[in-house]
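Colleague: This is what each chain is made of:
Protein chains: 2
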Amino acid sequence: MAVNHVTSVNLESFASASGLDAIFAPASVAVVGASNRPGSVGRAVFKNILDGNFAGIIYPVNPKTKSVCGVRAYSSLSEIADQVDMAVIIVPAAATLEVAREAAGKGVKGLVVISAGFKETGDAGKALEEELRAICLAHKMRLIGPNCLGLINTDQDIRLNASFARQKAQPGNIAFISQSGALCTAVLDFAAKKNIGFSKFISVGNKADIGELALIRYLHEDPNTKVIMLYVEDLRHGAEFIETVREITGGARPTPILAVKSGRTAEGAAAVSSHTGSLAGSEAVYNALFEQSGVYRVQTVEELFDFALAFATQPLPRSNRIAIITNAGGPGIIATDVTIHAGLQLAELNEATREVLASHLPKAANIHNPIDVIGDARSDRYQVALAAVLNDENVDGVIFILTPQSMTEIEETAAIIPALALRSGKPVVASFMGLLDVSKGVEILEQNGIPHYPFPEGAARAMGALYHYSQWLRRQHLREFELQVDRKRAAAIIKQALDGGLLYLGEVEGNEILEAYGFPVLPSRLATTPEEAAAAVAEFGPCAMKIVSPQVVHKSDVGGVRVGVATGVEAAAAFGAIVDSVRHKIPQAVIQGVFVQQMAAKGVEVILGIKRYPSFGPLIMFGLGGIFVEIFKDVSFRLAPIRRNGARHMIRSIKAFPMLNGARGAAISDQAELERCLLRLSMLATDHPAIAELDINPLIVHEDGQGCSVADCRILLK
Amino acid sequence: MAVNHVTSVNLESFASASGLDAIFAPASVAVVGASNRPGSVGRAVFKNILDGNFAGIIYPVNPKTKSVCGVRAYSSLSEIADQVDMAVIIVPAAATLEVAREAAGKGVKGLVVISAGFKETGDAGKALEEELRAICLAHKMRLIGPNCLGLINTDQDIRLNASFARQKAQPGNIAFISQSGALCTAVLDFAAKKNIGFSKFISVGNKADIGELALIRYLHEDPNTKVIMLYVEDLRHGAEFIETVREITGGARPTPILAVKSGRTAEGAAAVSSHTGSLAGSEAVYNALFEQSGVYRVQTVEELFDFALAFATQPLPRSNRIAIITNAGGPGIIATDVTIHAGLQLAELNEATREVLASHLPKAANIHNPIDVIGDARSDRYQVALAAVLNDENVDGVIFILTPQSMTEIEETAAIIPALALRSGKPVVASFMGLLDVSKGVEILEQNGIPHYPFPEGAARAMGALYHYSQWLRRQHLREFELQVDRKRAAAIIKQALDGGLLYLGEVEGNEILEAYGFPVLPSRLATTPEEAAAAVAEFGPCAMKIVSPQVVHKSDVGGVRVGVATGVEAAAAFGAIVDSVRHKIPQAVIQGVFVQQMAAKGVEVILGIKRYPSFGPLIMFGLGGIFVEIFKDVSFRLAPIRRNGARHMIRSIKAFPMLNGARGAAISDQAELERCLLRLSMLATDHPAIAELDINPLIVHEDGQGCSVADCRILLK
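Residue numbers (our numbering), protein chains in the order written: chain A, 1 to 718; chain B, 1 to 718.
One should not assume that every hint holds.
A pair counts as met if it fits within one copy or between any two copies, since identical chains are not told apart.
Okay, derived cross-link-like pairs now, EDC-like style, lysine to aspartate or glutamate, Cα gap no bigger than 20 Å in a straight line [said to hold, decoys possible]:
(1) K119 x E240
(2) K363 x E120
(3) K363 x D123
(4) K488 x E512
(5) K193 x E446
In short, the hints are calculated from the structure, not lab data.
Only a predicted model underlies this, so the values are computations on that prediction, with no experimental measurement involved.
Sequences are here, hints too, so could you generate the full structure?
Modeller: Spelled out as structure tokens, the structure:
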């Protein structure tokens, strides 16, 4: 029986989701390398599929045996008379190519290569992996792995556990994608203990074909998946990832995605020649990537579970006003602290709610938030309190805390939560403190979709994560600016430089490029004689003058800079003095002239920058200049292209933002023009891949309405 | 039988530890309010003592019954013929006073009042509590509570569970002091599940007598206690706490202390009139208190346990060079990230170690740190790797990671760790990932004193905590400065101001006070005529001139300030202009004169401040002036008195410290003189309780060797 819903396969991009049904929902699976040998991976995979009650047909393939686990075995894929949709391959790496070719010939649509011995082992393995990929590409077979644990689909109509994991995955609505096979086994153990279920579970291995982006696309369409958890060591496709995933996490039918990212890319070796280059780095890239695509980055695997549970079961809060219900003061205080720290606030209960609480609760109870039903509360008091706060329109979500005390009705109290929570449409998270005594109550919560945390900190943080994601969904989109740029002119300057072997561009060419992109460049001229310098000052007004010579990098150190040159006479004199000084200090310097540029009006000095990363493209940086960037490293990053929302976010997310917004009685700076500059920078970076690094340092931001001025820039080409 | 080792009791301070043996190690205990009623607290407490196999004698006291749980009951304490060392009281609050008096009459040495209904219920309860305390004080009885869960002493010679906790505490070497009774029950449940044992377990309740400090003193002498865990909502005795606890955590026989502090003190209501006042707050106070006393503040109860386990079982690392051993890449990467983040570094293994690893491990293994023994490792490979890195003198501690894979020998691998770790004298922490499959291995670890964490993050953070504490123990002590101050002169100025009803002191009196304490005050004079102003400028050189009038707060706004007045002629003119301008703008201003002060030389502007807190005394603040304090809030705090180490730490712990240390090619600032200024400030704050708040803003710090200058100050008295 063929998988007739797999019709056309587009493998132009690794990141395509097409054809994945052959892997997740095959009607027939061959296990090449299935084995009877106890402890072997070939046996573990076959047994897992068999024991998992797979809805389709499985064919063990092993030339050395007649049957595997009692199932009739085949000596090769070709020997199988029926259609085979998917093949799991557990043979030595060198033998995989032949199997793959045979599979292609047989019309197999998907491979899961569990075998190791590929890219991870060095150059020979890498060549093998590339060939494997080429075979799949040529024959439109999709491929998971190689070097992976396999995958699990708990869908009740499929029931496919094509992995060698010891522990089974329970059905649920969380999908997990892991770049570490070992972490998969640990996560399955952990989840089994905590009653956490999965929709799909995928170990991606070396990602020769199918990677995270393809899977995210696929899982977004999966009706069983409510939230996606990622464990990632590296990603590819920066711009495509952002563009696609932004829609998946924030579009019409959003799927939340949580990620743990480990591993710091070793790039210390790469030369860095700009401020932006020295401040950026793979952490900045991944933070930008996740933030721009709406992926919630968490710090630990435990947080991944804590948050995923909340996303899998709870609606999002409409805003951040949270009620806390507790039967003990201390835990209420702890929860309050963490609630505030998580960006939430304590809801102010309305009059009616307080009246209801006062009428039902004993006098000693606290009817203000956090609501304390007191240590001797039975379930009835909890019920009254929970119903009352969920009815209050000032409450967006509830943190429910129980400590086991002598009168506490643990199970009865747990039982009242699910129905009330569901009816309200508001998120409720719980902490029944302690593990042993409260375990029966916790089971009731878990089985009825109320996320539970052993301490209130976890509950409050999970609620914070729900709110954080709700803000992403509710973000407003500013109308985009219409910006005119002269792409051809910039390209011509860059080409000319590259043709002349010039990789480092200073102000002269840099300003031209920036001007082509509409940056507010100050009037300037390269003077080659004192007379030209004088004429420029006469035309522009007070100017700065700087030596232009490829041999002079630190211009001030050799007397190569004069500022505040006010008259033509002064300019002619300054020209002579600059040239004399540089000639004296660096006799071999080839002097091209003196750059004469109008002095900028006063304003706040900021720095804008670009650094380009392989497979992620250009990273844009913004920060305040001088000590702010050098000592505080108070900068923000985004991957280009950015939109106006992104530009605004970059500006507002630095700590020193008040300096641009009227702090200490200063005038408000021209933030709209600054947004335009960042957008122009993004266009410049996207349009010209030859720009490896760029610093505009400083850009001077004038008072609101007065614009900005580029005061210095440098560009590194490649 | 009397408790003959309790001889003299000193109740002058709540914080004394004397007499606590009567509570922790009584030979006889009466339970007043013991009951047969199921579910009652009186029954729960009595049963806990009885079931706990108490080493002494228990007497139930209840006039309404002949026996409790089969033990002969007494109608009152007086009816008991024998000596009673300690009484647990579970009667209504109003009845406790009579019981306490009776206990005193009977010679009881310690009370544990479990009853609620005291300070926590309002004024009447507070009065009751004060009377209870007075009775105890008068009769030298020590008191735990009221309003508490009780206490547990697991000492095998005592075995006293005088609490109404449902769950028992297992013996161990962690002491737990909790201000929340409800948290106690949850913590006991949690600990039981995790096989965590306690030496002592104390619910302090309202702390009418015995509080944290007394208990810390007592537990420090307890041979069964290796680490103390605190859950704190508020503390008292700031200076005494620091002085005592610093010795306990960092002295000859150190006991590590870990604390969770919850609850934000409501002090928004208090008026704040200084920069220091607006930046300080209870968080700053508690952070300073913990840091100065060497108490490790953690953020969550889970961390409290995670870290305490490591402290209870492991030696401290000598430095921060950590080896990671893993059988899977992903978890090794996670552990590496968190290790670095926790302030540790990856050890660089020496030649011999790498050679040994290479000779024993398969070729695909990673013999560099993190060491990967590969997924198919059995216990022998782990053993070789662990022994090798523990032998390496470049390794200060080990993080041991296991993920369950098909060949993994979970129990055998667990079994090899304890002996190797013990022999090495280096800390080893483990993460066997997953809960179900690995549980038998985890049990082996737990029972043999190897702290275990479900994910490597927890292991790495715990190792970081050990290292953090080792730094506290190894800190060096700078020789103190010898500073001369004129305490009497400052006291006289303050007294004069207070006598005159003057609470706000500006530069005139402020500078005098600072001068008395040896601060580098600039030469200045209050001029009452233009001639005096001219003479001052002639004498001092260029000066700043400022109006002095109680009615003028914002001097610049009314033309009351001139800077850079260089000559006598200019000074006379400026005097007239200032006075005219102020008279014109604030006609009712009483003008005392014009303050003429030498202009300070250039330097870095910093702010020094004092804010006094009830029961904690003065908090000292330091930060860079202007935007750094206003926008970045980049300041550091310590409670006075500080020593030179503390002053240095305050200066170096702000983010902007590089600004004082030669950043961007600037000169290095005179940090030694700045340290002296902070020490003088500490002395001033400690010597004069009338100083409520003080700002020196700015203090100008000149180049190294050039000292500092006080450029402006204000003092608020009370």
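Colleague: Hints first: check each against the structure and report whether it holds.
Modeller: Structure-based check of each hint:
For the homomeric pair K119 and E240, neither the shortest alpha-carbon distance inside one copy (24 Å) nor that between copies (63 Å) is at most 20 Å. Within a single copy, K363 and E120 get their C-alpha atoms only as close as 67 Å, which misses the 20 Å cut-off; across copies the closest is 13 Å, which meets it. Taking the closest pair of Cα atoms, K363 and D123 come within 20 Å of each other only across two copies (15 Å); inside a single copy the shortest separation is 75 Å, beyond that limit. For the identical chains of this complex, K488 and E512 are intra-copy neighbours only, at 12 Å inside a copy versus 70 Å across copies, given an alpha-carbon limit of 20 Å.
Taking identical chains as interchangeable, the C-alpha atoms of K193 and E446 lie at most 20 Å apart whether they share a chain (12 Å) or sit on different chains (19 Å).
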